[in-house]
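Chemist: Given the coordinates of chain A, work out where chain B should sit on it, guided by the hints.
Protein chains in written order, with our numbering: chain A, 1 to 364; chain B, 365 to 615.
Just so you know, these hints were derived from the structure itself, not from any lab. Just so you know, even glycine gets a beta-carbon here, dropped at the ideal spot from N, CA and C. Hints are supplied without guarantee of correctness; some may be wrong.
Using 25 angstroms as the maximum straight-line C-alpha spacing, the simulated SDA-like pairs for lysine to any residue come out as follows [stated by the list, open to error]:
id, chain 1, residue 1, chain 2, residue 2
1, A, 195, A, 208
2, A, 195, B, 507
3, A, 195, B, 563
4, B, 440, A, 4
5, B, 511, A, 276
6, A, 195, B, 505
7, B, 511, A, 91
8, B, 440, A, 210
9, B, 511, B, 547
10, B, 511, A, 200
11, A, 330, A, 238
12, A, 330, A, 93
13, B, 440, A, 204
14, A, 195, B, 383
15, A, 195, B, 504
16, B, 440, A, 209
17, A, 195, B, 448
18, B, 440, B, 384
19, A, 195, B, 465
20, A, 330, A, 91
21, B, 511, A, 16
Each pair of labels, with its calculated beta carbon distance range [said to hold, decoys possible]:
id, chain 1, residue 1, chain 2, residue 2, range
22, B, 590, A, 223, 56 to 64 angstroms
23, A, 281, B, 593, 50 to 58 angstroms
24, A, 21, B, 572, 43 to 51 angstroms
25, B, 581, A, 345, 49 to 57 angstroms
26, A, 34, B, 487, 47 to 55 angstroms
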Amino acid sequence: MTAFWSFVRKETRHILRDRQTLAVLLLMPVAMVLLFGYAIRTDVEGVRVLVVDPSRDVRSTDLTQAVASTTALRLVGVEASVGGVEPRLRAGEADVALVLPVDFARRYARGTAEVLVVSDGINANFASSAESYVRTLVQQWSASQGGGAPIVRTAVRMRFNPTLASENLFVPGLLAFVLTLVSALMTAISIAREKESGTMEVLLVSPLRPLQIVVGKVAPYLVLAFVNALTALAVARLVFGVPVRGSVTLLLVASLLFVLVSLALGVLISSRVPDQRTAMMSTLLGLLIPTLMLTGFIFPIASLPGWLQPVTNVVPATWYIIIARGVMLKGIGLAVLWKELLILTVMAIVLLAASARSLKDRLE
Amino acid sequence: MNPNPTPDAAVWARDLTRTFGTFTAVDAISFEVARGEVFGFLGANGAGKTTAIKMLTGLLAPTSGEATTAGYDVAKEPDAVKRRIGYMSQRFALYDDLTVAENVRFYGGVYGLSDDAIETRMTNALETLGFAHVRRERVGRLPLGWKQKLAFSVALLHEPEVVFLDEPTGGVDPVTRRQFWEMIYAAAARGTTVFVTTHYMDEAEYCDRVSIMVAGRIAALGTPSELKQQFDTDSMDGVFVKLVRPDRPTA
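Chain A on its own, in the form it takes in the complex (with noise of 0.2 angstroms):
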């Protein structure tokens, strides 16, 4: 054990040592989070409609035609009261919801008909982006039945993100692009550092075995993250007011599963690598860069060509993402995140086991 903890000691000196890496590390979170406080746009395609007809007349009948054979939009399904909408957007089976009144075609003809649309604001570009899609399209076909001005009125009514903040949208994404970066970049940064320097042999060669070699590296780097995690959470909040609805507890679980999957892929990709430079090259091109772009952080999963779209399934920050944004923004806790929380477990379980052997196989 002392040969461990001295182990352990001398990273941690490391650490603290290169005081220029380790306050960017530090700081990072919170510039970031700054600079994504300003919302990135995205468009979108395919949006998913529900709409709810209580009445079923003509004029309803044909509005729902509209929504259907509009190539931006996707009608999933007819409800005939409101009771309907909130379970399915919360099941993430639609993104919008057009609430016709009873008697629609009555109304219509007194001009009185107001429709109100419900999006799910957990997404904050899309569902704005949503929102006037659906608009445009109930005033193009107000304007098509009458010929006049349009007289039907859109009410907008976010759930789970009332004031539409796109700060509460990416806080999550930036969660785990941090945690990736810390726990993956940067222990295979310091494993390769080994390499290059020889100093790596000489571990080696001392009773120290390989398994407390990478416990010993990767130790330090979650505290670092977790720092990271509650950094970013508490700037988050501190000055967006973003806030984390359901269980920290659960939150922190599942923060943690992912620091060890991204830990073992750091220490796959330098097991792999010869020195820094190709395991910094591998670790953007290969974790970071999905994280950004593959994850639904930036761009909405749904935005993304159809055959990239599978790709997203085997990034971990897909499903942590999933998670955060469930925990923080609506609230659900482990009854509807079970499946999510297995997967990182599974991915955690193989890629710990397959980096411990890659380590052990490259020592041969």
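Modeler: Leaving out everything else, chain B in the frame of chain A:
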């Protein structure tokens, strides 16, 4: 051949072999190194030296054959072997961003020494080297020769039975090399077995005995004077060239 290792052999190998696929890196080598001996382990690049050292230090399992280091079977008890050996590689192996004292404490801790033991041994070692004043200096600021001598002292800190030096004097000036060999002799005089690889043939002359590997086999083994006689030449350089390039006449 006696199947049992000589009880006091520091390093003992019999038919030690390692293959990678169809390539035989080390081909049934057998030799014995006595305790306190300075043993030169020579060979051209790619002759199998590194693979042999990896097996003798318990890093790599042999494909066949047997070996013991410090009396422990390298295949069956690699952990016992690792605790009893020291190692210094051709590439410099201390941490540049840590101070001299921090490096010493780290390696001491890795080999399970108590804090008190580390302090006492560090003070002695630094005084012997004349490095007491750089104790709190970062290693990265020291000249290469100093680093090399320090690395050797660190490799000896836990008083290993056998110390493996893999081209320890690569890239240092002749004066430092001379001082380095004085340190090697001092360690051997205290009973530490020194197992050293080198590319400098003048250094081979300093060894008690020398083995020369060619294509995975030990092509020659003996004291420097025995080898010079056997190959009818007046320098180890001549011996080496005759073995490694048999088709070429010696200069």
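Chemist: Taking the hints in turn, state whether each one holds.
Modeler: Going through the hints against the structure:
Restraint check for residue 195 of chain A and residue 208 of chain A: satisfied, since their Cα atoms lie roughly 16 angstroms apart, inside the 25 angstroms limit. With a C-alpha separation of about 22 angstroms, the suggested pairing of residue 195 of chain A with residue 507 of chain B holds against the 25 angstroms cut-off. The suggested pairing of residue 195 of chain A with residue 563 of chain B holds, with an alpha-carbon distance near 23 angstroms, which does not exceed 25 angstroms. With a C-alpha separation of about 23 angstroms, the suggested pairing of residue 440 of chain B with residue 4 of chain A holds against the 25 angstroms cut-off.
Distance hint between residue 511 of chain B and residue 276 of chain A is fulfilled; the C-alpha atoms sit about 23 angstroms from each other, no more than 25 angstroms. Distance hint between residue 195 of chain A and residue 505 of chain B is fulfilled; the C-alpha atoms sit about 21 angstroms from each other, no more than 25 angstroms. With a CA separation close to 63 angstroms, the supplied pair residue 511 of chain B and residue 91 of chain A exceeds the 25 angstroms bound. Restraint check for residue 440 of chain B and residue 210 of chain A: satisfied, since their Cα atoms lie roughly 17 angstroms apart, inside the 25 angstroms limit.
Taking the CA atoms of residue 511 of chain B and residue 547 of chain B, the gap is near 14 angstroms; set against the 25 angstroms cutoff, the hint holds. Note on residue 511 of chain B and residue 200 of chain A: the hinted pairing holds, with a Cα-Cα distance of about 17 angstroms set against a maximum of 25 angstroms. Only pairs whose Cα atoms come within 25 angstroms are accepted, and residue 330 of chain A paired with residue 238 of chain A is accepted, the gap being roughly 19 angstroms. With a C-alpha separation of about 15 angstroms, the suggested pairing of residue 330 of chain A with residue 93 of chain A holds against the 25 angstroms cut-off.
A C-alpha spacing of about 17 angstroms is found between residue 440 of chain B and residue 204 of chain A, which places the hinted pair at or below 25 angstroms, so the restraint holds. Taken as a hint, the residue 195 of chain A and residue 383 of chain B pair is honoured in the structure, with Cα atoms around 24 angstroms apart against an allowance of 25 angstroms. Only pairs whose Cα atoms come within 25 angstroms are accepted, and residue 195 of chain A paired with residue 504 of chain B is accepted, the gap being roughly 17 angstroms. For a cut-off of 25 angstroms, the pair hint linking residue 440 of chain B to residue 209 of chain A stands: about 15 angstroms separates their Cα positions.
Between the alpha carbons of residue 195 of chain A and residue 448 of chain B the distance comes to roughly 23 angstroms, so the proposed pair stays at or under 25 angstroms and holds. For the hint linking residue 440 of chain B to residue 384 of chain B, the alpha-carbon distance of about 20 angstroms falls within 25 angstroms, and the restraint holds. A threshold of 25 angstroms between alpha carbons decides the hint, and for residue 195 of chain A with residue 465 of chain B the separation of about 22 angstroms falls inside it, so the pair holds. The hinted pair formed by residue 330 of chain A and residue 91 of chain A meets the criterion: a straight-line CA distance of about 11 angstroms does not exceed 25 angstroms.
With a CA separation close to 23 angstroms, the supplied pair residue 511 of chain B and residue 16 of chain A stays within the 25 angstroms bound. For residue 590 of chain B and residue 223 of chain A, the hinted distance range of 56 to 64 angstroms is satisfied, since their beta carbons lie about 59 angstroms from each other. Residue 281 of chain A and residue 593 of chain B have their C-beta atoms about 56 angstroms apart, which keeps the hinted 50 to 58 angstroms range intact. Residue 21 of chain A and residue 572 of chain B have their C-beta atoms about 48 angstroms apart, which keeps the hinted 43 to 51 angstroms range intact.
Between residue 581 of chain B and residue 345 of chain A, the C-beta spacing of about 52 angstroms keeps the proposed range 49 to 57 angstroms intact. Between residue 34 of chain A and residue 487 of chain B the beta carbons are some 51 angstroms apart, a value that agrees with the proposed interval 47 to 55 angstroms.
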